[in-house]
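S.K.: Produce the entire structure from the sequences given, and follow the hints as far as they go.
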Amino acid sequence: MTIDVLERNPKAETRLTVIDCDIHPTMGSLSDLNPWLSKRWQQHIVTYGELVRQGLAKTLSHPRMQPAVSRADAWPPNGGLPGSHLPFMQEQHLDPNGVAFGVLQPLRPNGNSQRNLEFGAALSAALNEWQLEHWTGRDKRLKGSIAVTQEWPEAAIKEIERHAGNPDFIQISLPPRSDEPLGRRRYWPIYRAAVEHGLPIGLHVSGVNGHTSTASGSPSFYIEEHHNNVQSMQGLVTSLVLEGVFEEFPSLEVVLIEGGFGWVPALSWRLDRHWAKMRDEVPHVKRPPSEYIREHIWYTTQPIEEPENPADLIHLFDWIGWDRLLFSTDYPHWDFDDPHTVFKVKLTDAQKRQLFSENAARLYGLG
Amino acid sequence: MISRKAQDRRMYLPTQDAIDCDVHPAVPSTKALLPYFHEYWQEAIVTRGIDRLNLDLTSYPPGAPLSARADWRPAKGPPGGDLEQTRRQALDAFGSRIAILNCLHAGQVLHSEDMGAAFCRAINDWLAKEWLDREPRFRASIVIPTQNPELAVEEIERRAEDKRFVQVLMLAGDEMPLGRRHYWPIYRAAERHGLPIGIHAGSNYRHAPTPGGWPSYYLEDYVSYAGAFESALLSLVAEGVFVKFPQLKAVFIESGFTWLPACLWRFEKTWRGVRMEIPWVDRPPAAIVRDHIRFTLQPVDAPPRAEQLVRVLEQMGSDRLLLFSTDYPHWQFEGGAALPPEISGARARRILVDNPLETYPRLAETLQPMEKERLS
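One line per chain: the protein sequences are A and B, in this order.
Here the first sequence stands for residues 1 to 367, numbered as in my numbering.
Here the second sequence stands for residues 1001 to 1376, numbered as in my numbering.
In short, the hints are calculated from the structure, not lab data.
Bear in mind that the values here come from a model prediction, so they are computed numbers and not experimental data.
No residue lacks a Cβ here, since even glycine has one placed at the ideal position from N, Cα and C.
It is possible that some hints are incorrect.
[Said to hold, decoys possible] Beta-carbon label-pair distances, calculated as ranges:
| id | chain 1 | residue 1 | chain 2 | residue 2 | range |
| --- | --- | --- | --- | --- | --- |
| 1 | B | R1088 | A | P283 | 32 to 38 Å |
| 2 | B | D1319 | A | K344 | 22 to 28 Å |
| 3 | A | G55 | B | D1282 | 39 to 45 Å |
[Said to hold, decoys possible] Chain B side only, calculated, beta carbon under 10 Å to chain A, not exhaustive:
| id | residue |
| --- | --- |
| 4 | Q1016 |
| 5 | L1066 |
| 6 | P1177 |
| 7 | Y1225 |
| 8 | K1269 |
M.R.: The following block contains the structure:
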């Protein structure tokens, strides 16, 4: 199927164009940000480090299953961390996989989760400069995500305005696990700025907000914590819709990154059913919730859903909308999806073009 | 004697002889429980004025549309508070042979382990006397103080001899993930007595209901309860509860189930990648779920088109997973349409009767021989 086509020697016109909507660039240490941090914050990092809402200061409390959460073969020969060396990323991923554009999702440092908001905003600002200097400025295929400290909307808006006109940035990055559900009014100024500047909101799995990933506290295992990312995504979709964010900002576009999409139909059905009974509680929600979801939300494909009956993937795409799915690899992480093997079902050439590049090109204005 | 007319009417009920696995009796007031407390607690409750407090759960505001269908709302008192009305509307109207009472009250919410245990004990004794003794078609779940597993086990042991109690009841949202070893004494006792663990929608709100914190609206909370069940499923399987207690069954009550296929796909995929973390889970999680976890029917949370629901039922991968429920008096459907039209024939029969009988061994034990024959 897909593999057969791609394994033939591709002629230029049949070669698949890929826009990879989730690539992780990494830095060696926080001091890499020093060129863009004031002396105070440089010293703050040395003296106090990060102060977040969890028990371990330098790593997450569910240790991952692989060093640096990465593919074993993604460690660059120069000895750096996976995702830290552009030439190796080009050689291993961007060039051979035909990546026309790649959307960057730097996960560290997390200026979005600092309890000290001034420090968080300084980290976010430095992270944006770092993306320009080390990545988008050196490979025009790469596009940045504007990091902001969403719990301090004034600072977030300043940061958005600093970069909004720069074509090297194509979305605003927020963490799904923000301090409060993302539909609440404290975040509306950020959505207003996003709409004014025509930038989608990208939500990559992240955020340390002191809330547990389940309604019954923190699970014991990484396998649970990882799976429960779908709860963050469902919670924020529910919040955005039921708070009326899409009524207030009808042109707002939201991209859910690495949060799966198999859950979308069931959540939509459940929302519609119970909204029909209790819409008097949310009179600002004028239409069935599923309609807002269909119109405003995009999903990256990795980690690809694997139904027991592979054909069910087609039904899933049918329900969600073929125009809402954005291919992503999650390079260099362990659960990388290879564009040559990702879809276990037969897709038409037109469907492939949509998923691999056209949807992303339209949403982000690329190409 | 059943009149001819009544018999004729019965023949037309698609739910005739059903076993309804989720009906909610309401404690009419804290005062009503008072006779069922020990002397110390009676005095303490009155002295402290607790008998004058309203102990409704945040999870089910009595006035909310979901908490009571309009035609099931009583003239006075809380929805589900009147036995006569419940008998007529929950049992007779559906032709149900049996209904399992799941009482959602304060016992699992109070912060004091002792007070929680005292409330659970009072609720269970109140259920036995005020409901089970007065209507032979009722069965009940043992409400337990999950705050303290030792006290919870005491309560299970105290009530287990009464075979009209057919399962142990917990809330989906609790202090810690439901698979954790903290709870294993409860599961050991339940398995020993042939009692499934019933996990009901709702929370004692020790934690925010979503990973993003506290939502603004009840509607958001209610929608999020399905996610709490998904997390509970992961926890029960990942912690190895069903490896440790191979006879144990868990029943997810008022959980919805249309989310299950996508949950299993993801669980299987992630497990293939990182199974070294939980080596005791030595077979595919979906198989474990299909052997050990059951789901009550309502709310169906059905998709808009019939063929989509049929597809979900196929994706469930087993016809043994669903247990009939009306969720009375909660408003999940109109009229007598508890069974969606997509469910009929042999599949309906399994959901209405066979699956509940297989899940709750005590149901068959307490049926009269003639009734057993009629249902077999």
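S.K.: Against this structure, judge whether each hint is valid.
M.R.: Consistency of the hints with the structure:
no.: 1; hint: B:R1088 / A:P283: 32 to 38 Å; in the structure: holds, 35 Å
no.: 2; hint: B:D1319 / A:K344: 22 to 28 Å; in the structure: holds, 26 Å
no.: 3; hint: A:G55 / B:D1282: 39 to 45 Å; in the structure: violated, 31 Å
no.: 4; hint: Q1016; in the structure: violated, 26 Å
no.: 5; hint: L1066; in the structure: holds, 6 Å
no.: 6; hint: P1177; in the structure: holds, 5 Å
no.: 7; hint: Y1225; in the structure: holds, 8 Å
no.: 8; hint: K1269; in the structure: holds, 5 Å
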